[in-house]
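Q: As given, the protein sequences belong to chains A and B, one line each in that order. Residue numbering for the first sequence follows this note's numbering, starting at 10 and increasing by one per position. Residue numbering for the second sequence follows this note's numbering, starting at 1240 and increasing by one per position.
In case anyone wonders, no lab produced these hints; they're calculated from the structure. Careful, some of the hints might be misleading.
Distance condition first, Cα-Cα at most 30 Å in a straight line; then the derived DSBU-like pairs of lysine-lysine [stated by the list, open to error]:
1) K16(A) / K1311(B)
2) K1753(B) / K130(A)
3) K360(A) / K180(A)
4) K150(A) / K410(A)
5) K301(A) / K1550(B)
6) K301(A) / K355(A)
7) K539(A) / K130(A)
8) K539(A) / K432(A)
9) K1365(B) / K1355(B)
Which stretches of chain A does chain B cover? Using the computed rule of at least three CB atoms under 8 Å from a CB of chain B, they are [to be verified]:
10) 274-284
11) 504-517
12) 556-563
13) 568-574
For clarity, every value in this text was computed on a predicted model and none was experimentally measured. Here a beta-carbon is modelled for each residue, glycine too, at the ideal position from N, C-alpha and C.
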Amino acid sequence: MSRVVKKTPSVCTDMPLNNAEVCAKLHLMKELLRSCYGPTGRLKHIRNNIGGRVTTSSSSSVLLPALSSSQPLLNLIKSSILNHISRFSDCGLFAAIFCLSLLEHVRQHELRENLAIKVNKHCLSLCTSYLQREDCACRVKVNFCSSQNLMTLAGSIISSKPACLLTEAEKHHISTMVVRAFLQTIPCSTPGPVTLGHTVTVTIVGLRVLDSAVFPGLLVEMYDPFDQTDSSSGPLRTVLFSTSLAGDLAELGDGTIEVDPDVDTDLQVLNQLLELGKQLVEDEVRLCVCQKVIHPVLQQYLRSHGVVVLERLGMALMEPLSMLAGTQPVATLHARILSTAYGRVKNLSTKQFGFKTMLHLQPEGEAAVCTMVLCHRNETMLDELKVVCQKAEHGLRLTLKEPSALLGGGCTETHLSAYVKHKGQQEASESAAGLGCSPAEFLLGVKVFCRSLDMVARSLEHDGGTSVIDLNHAHHWTVSAGATKEDMVGGLGLCGCGLVENSPSTKWTFLNTEYAEFCPAPLLGDSCRKPTVLDSFTAKVNALQVAVETANLVLDVRYIIEDVN
Amino acid sequence: MPPSERLRLEHVLEMVSALEAVILRSFGPEGGQVLFTRNTGQAMLSRSGTRILSALHLEHPLARMVVECVWKHSRATGDGSKTFILLLASLLRMISKAISRELGASHTYGFTEAAKAAAAPHLANKLLELASSDLDDLVAVNVVPYGFCLSLEDFTTHRLLLASFFHTRVSHVHCSYLSELTCEMLNRWKHKSDLPCVSLQFLSDNFPALHTPVSGFPVSSSRLIEGQVIHRDFATARLPNKQQPVKAAVFTNYMQPVLLGPGDVLKVGYGDGVTEQNTMVHFSAWTERSLESVIAKLQSLGVSLLLSAVKQSDAALALATQAHMSLVECVSEEELSLFMQLSGVTPVSRGCTIQAKHVAALSFCRPILLGAHRYVHVAFCEAAETCELNPCSLVICGPGEEQTDQYICAIRDAVCMLMTTWEPKHTSEAAASHGTVQSNKSPASSDMTTQSTANEPYVLKKCVLEPGCVIPAGGTFEFLLSKALLNSSLPSVSQLLANALLSVPRQIYSHSPKLFLQAQTRIMSLVQNPSNSVRLKESTSESTVDLGLESVACKCQLILAVVQCATSVLRVDTVLHAHTALHTRSKKHTNSSQDSTEDEEED
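Extracted from the complex, chain A is given alone in its bound form (with noise of 0.2 Å):
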């Protein structure tokens, strides 16, 4: 009884968005993440207060679980952008970031909380349908005939995580092995619903990034030196075993059993497993892999007639094994190994990286199961290239369903900014009657979510230049911060996404100052040049989607109650 304790009554919050506090935290964390944002974005060191590992990082899905805050609005943003994150991968930054200035602005404006959900949604709405339209200006169509298009979406992904440090040779080698361990899990025989294959990622601190590999079938680690000479060539049949082999009692039930002490169970128990080690060797087998342990008898017995034992194998490999092999795993001691459960591997041999040896199995014919051995110099660089590769790889496997990207750099996001704004100028009044506000409320809305979209675009910028966009596409370009006026009109290269050219004709305006609304026109389409940087087009309409509902969410809560027991 001394256990129990009276429960205290709840700490309540009224009105949370109109408490400084609040929005100082708001801000504060809007202003952490926008500093992450992008090639340039600049990495934070994170470290637990008992002083333990320490890992750099400016990805989100390393940034935000770290970030543990007393403020359960905070906490509701960060768990739908974690949330976004762990379906898609990709465009973690842009919702929060995009989210928490809706947040902001709407403050700023002094925006009636309902009337800005609306106009939100209304926004969001006119973005995602512009966004699936066929002559959207923002989206280009995936071609997988050829491998430029996925090469540069990996090396989008890749070059907009800076904790890696790569160099410009190094991305490309690892955008290269990204794409192609992509192309290897696309079976290509299996008609009818296509099961995508696996990619396993193993990792090496040491060598040099150049050093990485993608190699078809599976790379296993080795604990006991393997002998070479005999048994590596030719097809080797494979046993693949799920239970253990180590001479457990089998599971009779929660009964007791008393044992005669003149018995010998280890021993029957052993014989037992002999047998099955005969009828492998019997059925000639040549690869023998157990998930668990398998007894050093067995082991022994097995190695002596030529087969090949692999143990301890755990649960992550027994599915890209048996789909490499065409084995069913087994877990009977007693009967008969039907000969159906058996699979082939084609090859087998050993790879040296750095300490590690490792056990190479080549698969028969074609299996969508690839290795990608990924090295880097130190352990912190290395986790962030992991959490990097395989986002690549997901963002990757996202355009299986809908083959679009988006241009990235900033540009669909000041394309799209002036969409909307050129819409909602159009059709102000209908909405606003739709909507049941009048149309200067209306188009101070549009304005929030269009200032929103903008600041997006320039928190790509960490050097203290400036954001500008064209007046004719709606691209975006940043300009140093020395430059002059001169400089704007002659040197500013290319957008954001690569794909519009200077020339002394085009007209500019400051992101971050007021502009009469036109309408974005769409790119020429005899225009050579290809985007140099994308976004996953699935990834960003999601992330668009939660931002705006999220922000929604937001700016709806009243009240909060905290239970503080």
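Please arrange chain B on chain A, whose structure you already have, making use of the hints.
A: Then chain B, alone, in the frame of chain A:
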């Protein structure tokens, strides 16, 4: 003697007003959400009054009693928890005002406190009497004619009712989408022959197994999918092959026989030496052999999907894989029971007794990826029992768990609210005695004259509160009932209730008092001019965008529950803080509220 706290009307009113202040933030068309965090750090969002109140962890015993009343009411009807607090507060305010006016008029000094203490419960008792005897009839005569019955065939009216319900429970931008989704689900689950109650009851019983929350997607990705989703992944790596239809069997127990129950003793190796029959190996071989025979039996019946309530052994898993069967383990009890209801199959309890009746035919079985999880998606063949149903499951998406949670609660409560709306009514005694009950379900009651009812409320016409009766939202019910109460020949206490009722529309239109007056005039003019009663119904179909609909049955129950709660709150006069070793702190709470000038403190 335990420390006591004398309760006075002012204290009660103060406390209920504090609750009202919290509730008002999320009440009405301009209301928003309340975010709360649990002691585990988990965040939740809600606009549901019950949830908000219970999250406050109130200390005062009376406040807890009120919260308990709200909780019970919303459990029964699924609706009206916020209006509950609002009405309660305004009713208590009216009572307090009435008492002070009365005492002020009588000028009897000296007995003030005692008289005051006695007056409140007295008034409350009278109110309760009124509400429990005359309320149903009043509503039937004065309110029902302005409403109409939902039809079973036409679900657009349900859509409006649901839309206005969701308007009070979730963010405004999503209510039309959610109501369409819910309507579609109701339509698909509707038995053509049965009463709506039956299918609604079925839905509310099986709701946990019928929905899947998915976070990380926008709300507009929520959808209905055919068949049932079993919230487990395949245990076997091999996915079911594409052959259709699929045959399935349900296991509630281990497929591999358990040799020893708890308490059993197996003696190994005793007796005459070690023989083949007497070793451990022999027993485990036996269990494996019987497992093999079970699998063989299943194979001969053509079964390719096994659903199991428990985790099967490794051997069972491997053998099933080799026999090209898919195994789904640890399926929850609710999902299994729904599966068995829909497929009409009986579970296998002992492996050796498998028969054809244990085998269900499914039109397909495939993996489905919802959010981070892969689940098993099955659809049922058109069997005799289910031919009228179109089973479907609900996938609710939202950016975060807090939101999906909120939507799920809202939909569950919506089903509960519809159940209350469609609950078959027992004909009230007063109506039965007049013998004018009409079972005709058509909304023909419109031709009744309202003029006569305004003067003689006890002459019952053919209007009875029928199941499925709804009325335009936005305070129509409150305006009509309060008007009826004022005009009736009921005791004067009904005036209190009439005035209290008006506080609800006042809060609905709190953002612009002009709208309140407009709404009031519109409805009053309809009452004055009976020929317009038809027009109100017609006008609803046009202007329901802003008004919506609400259920009359829920409203009636709400008023009764509020009056009951008020009575029980006012009847309490003293709170005793019982001393136990645990609550040594409670003394200091009472000290502050004890009034030393009170002259009745003899105890």
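Q: Could you run down the list of hints and mark each one as holding or not?
A: Hints, one by one, checked against the model:
1. K16(A) / K1311(B): Holds - the C-alpha atoms of K1311(B) and K16(A) are around 22 Å apart, at most 30 Å.
2. K1753(B) / K130(A): Status holds; Cα separation ~28 Å.
3. K360(A) / K180(A): Status holds; Cα separation ~24 Å.
4. K150(A) / K410(A): 12 Å, holds
5. K301(A) / K1550(B): The hint holds at about 19 Å.
6. K301(A) / K355(A): Distance ~23 Å between K301(A) and K355(A) Cα, so the pair holds.
7. K539(A) / K130(A): The given pair, whose Cα atoms are some 33 Å apart, is violated under the 30 Å limit.
8. K539(A) / K432(A): Roughly 28 Å separates the two Cα atoms, so the pair holds.
9. K1365(B) / K1355(B): Given that 30 Å is the threshold and the Cα spacing comes to 16 Å, the pair holds.
10. 274-284: Holds, because 5 residues of the stretch 274-284 of chain A bring their Cβ atoms closer than 8 Å to Cβ atoms of chain B.
11. 504-517: violated (count 0)
12. 556-563: holds (count 4)
13. 568-574: holds (count 7)
The structure fails hints 7 and 11 (numbered hints given earlier, in ascending order).
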